[in-house]
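Protein chains: 2
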Amino acid sequence: MALDPALYLLPVGISDAPVDTVIPPRNLEVASQIRHFIVENVRTARRWLRRCDPAYPIEECEFYELNRHTRPEDVSGFLAPLRRGVPVGVMSEAGCPAVADPGADVVAIAQREGMKVVPLVGPSSILMSLMGSGFNGQGFAFHGYLPVEPSLKASALRELENESSRRDMTQIFIETPYRNDKTVALMASTLRPDTMMCVACDITDPLRQEIVSLPASKWRGRAGSFDKRPAIFLIYRRPMRPVKTSDRKK
Amino acid sequence: MALDPALYLLPVGISDAPVDTVIPPRNLEVASQIRHFIVENVRTARRWLRRCDPAYPIEECEFYELNRHTRPEDVSGFLAPLRRGVPVGVMSEAGCPAVADPGADVVAIAQREGMKVVPLVGPSSILMSLMGSGFNGQGFAFHGYLPVEPSLKASALRELENESSRRDMTQIFIETPYRNDKTVALMASTLRPDTMMCVACDITDPLRQEIVSLPASKWRGRAGSFDKRPAIFLIYRRPMRPVKTSDRKK
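So the sequences go chain by chain: A and B. Position 150, counted from 1, in the first sequence is what the numbering used here calls 150; the numbers after and before it change by one each time, with no gaps. Quick note, the numbering used here runs 250 ahead of the 1-based positions in the second sequence.
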């Protein structure tokens, strides 16, 4: 059955785990019918398509690169196939496109022109770390990267801690992988001893996966072992008194 | 191969779409080896297992119900099988367990006891709506339900709008399905005309899916058609000036 003309948001694996551990079969069917891809990186996109199907006809495909080097005025042109009724796919380097990558820009253009946008299911370190943390999932916030400079990062961490407690919301952020251990140490020394912190590392890799939630006091002095591994960080501090829904919005 | 003893967080479909459109094959392999399930609702959990595999040996399974009627002192006992090395699964009514449901309580206990927790991939209306909206995915917050009373809800909406613009973060919330159309109308009349709002409805249902992002002004007077359908709402207002990462934490 021919694929509806739409912008398909195709998640990509976030580890070397087999494709069928993180991708529903339907995604592969959809990808097999697409020949126009908007991708964060052409090389990794080709490699991913070959992992999904070693016989994927890469040579029949057009790839349009959308990343921080792309000129904003070029983005709209990537949707030209869809304007004439041909489906287009979007893939980021890893995980779900348009979440923590430039893919949202092209989705916004598609929405403005009334095109159909179809997000597909796949691995998200943000969501999976939240599930595995045991922290509050009824309210949460993702902040991307914190400031690099240690004193600014420490004050950002204290603000996240206060906000978690004030609004009863889990606070989530990411870090450049070679700074993971320094960040764990800074969190352990900056946060109050009974504030909970979770480090989720290699989330979808069955052999290397670690998702550990402990009070900050118990993280102090733990030898670092997260450097150069994909990790995500969560902070949760239970409110002193129950938070009303309307307080979340303050 | 025998399954590692761990707490497996098993996502459940969020529509009647075929299982293989939203669930990776690995999840079915994992579920087939589990006989102890902590579930939000026993009846829907059994039905889901039969949808995954019509021959699933339901009669060999133990189900422990974890929802707002569960006594807090009973929750820890649900992990008894895992304490003797037998894998346990967690399933919510729909979507990813421990995100917007009581499952996080049992994950927190497992974390406290140092048990292995394994989140699996599946559909999340929060994440998929964010992907499809075209709004900022580099920073976002999920707030659960807003207050029911219209004037309180309107002021919560204005606070989300201000927060979106101040921190450059997409703001996400849910609503009881029979109030969807009223909520769309209230958003359209409360938000500033050029603030973007997205309604994402039946996200994983290929026939009924609608994900529409428009400025609030264009939502005014649109006839309601979202009542009684699973929907999620997003607000995004672009900042007047670029937001530094450190401002996100304020």
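Simulated from the structure, these hints should not be mistaken for lab results. Note that the structure is predicted; figures quoted are calculated from it, not measured. Just so you know, not all the hints are guaranteed correct.
Only pairs whose alpha carbons sit at most 27 Å apart, straight line, appear in this in silico DSS-like list of lysine-lysine [to be verified]:
id, chain 1, residue 1, chain 2, residue 2
1, B, 478, B, 432
2, A, 218, B, 478
3, A, 182, A, 218
4, A, 116, B, 366
5, B, 478, A, 116
6, A, 228, A, 218
7, B, 468, A, 116
8, B, 478, B, 468
9, A, 228, B, 366
10, A, 228, A, 182
11, B, 478, A, 182
Going down the list of hints, with the structure as the test:
Among the hinted pairs, residue 478 (chain B) with residue 432 (chain B) is consistent with the structure: their alpha-carbon atoms are about 12 Å apart, no more than 27 Å. Of the supplied pair hints, the one linking residue 218 (chain A) and residue 478 (chain B) is violated, its CA atoms being roughly 46 Å apart against a limit of 27 Å. For the hint pairing residue 182 (chain A) with residue 218 (chain A), the CA-to-CA distance comes to about 16 Å; that is within 27 Å, so the pair holds. Of the pairs offered as hints, the one joining residue 116 (chain A) and residue 366 (chain B) is violated, with about 40 Å between alpha carbons and a cut-off of 27 Å exceeded.
At roughly 22 Å between alpha-carbon atoms, residue 478 (chain B) and residue 116 (chain A) fall within 27 Å of each other, so this suggested pair holds. In summary, the hint linking residue 228 (chain A) to residue 218 (chain A) is supported, as the alpha carbons are separated by about 22 Å, within the 27 Å threshold. Of the pairs offered as hints, the one joining residue 468 (chain B) and residue 116 (chain A) holds, with about 18 Å between alpha carbons and a cut-off of 27 Å not exceeded. With a CA separation close to 22 Å, the supplied pair residue 478 (chain B) and residue 468 (chain B) stays within the 27 Å bound.
Only pairs whose Cα atoms come within 27 Å are accepted, and residue 228 (chain A) paired with residue 366 (chain B) is accepted, the gap being roughly 22 Å. At most 27 Å may separate the alpha-carbon atoms for a hinted pair to count; residue 228 (chain A) and residue 182 (chain A) meet this at roughly 12 Å. For the hint linking residue 478 (chain B) to residue 182 (chain A), the alpha-carbon distance of about 48 Å lies beyond 27 Å, and the restraint is violated.
Comparing the model with each numbered hint stated earlier shows that hints 2, 4, 11 do not hold.
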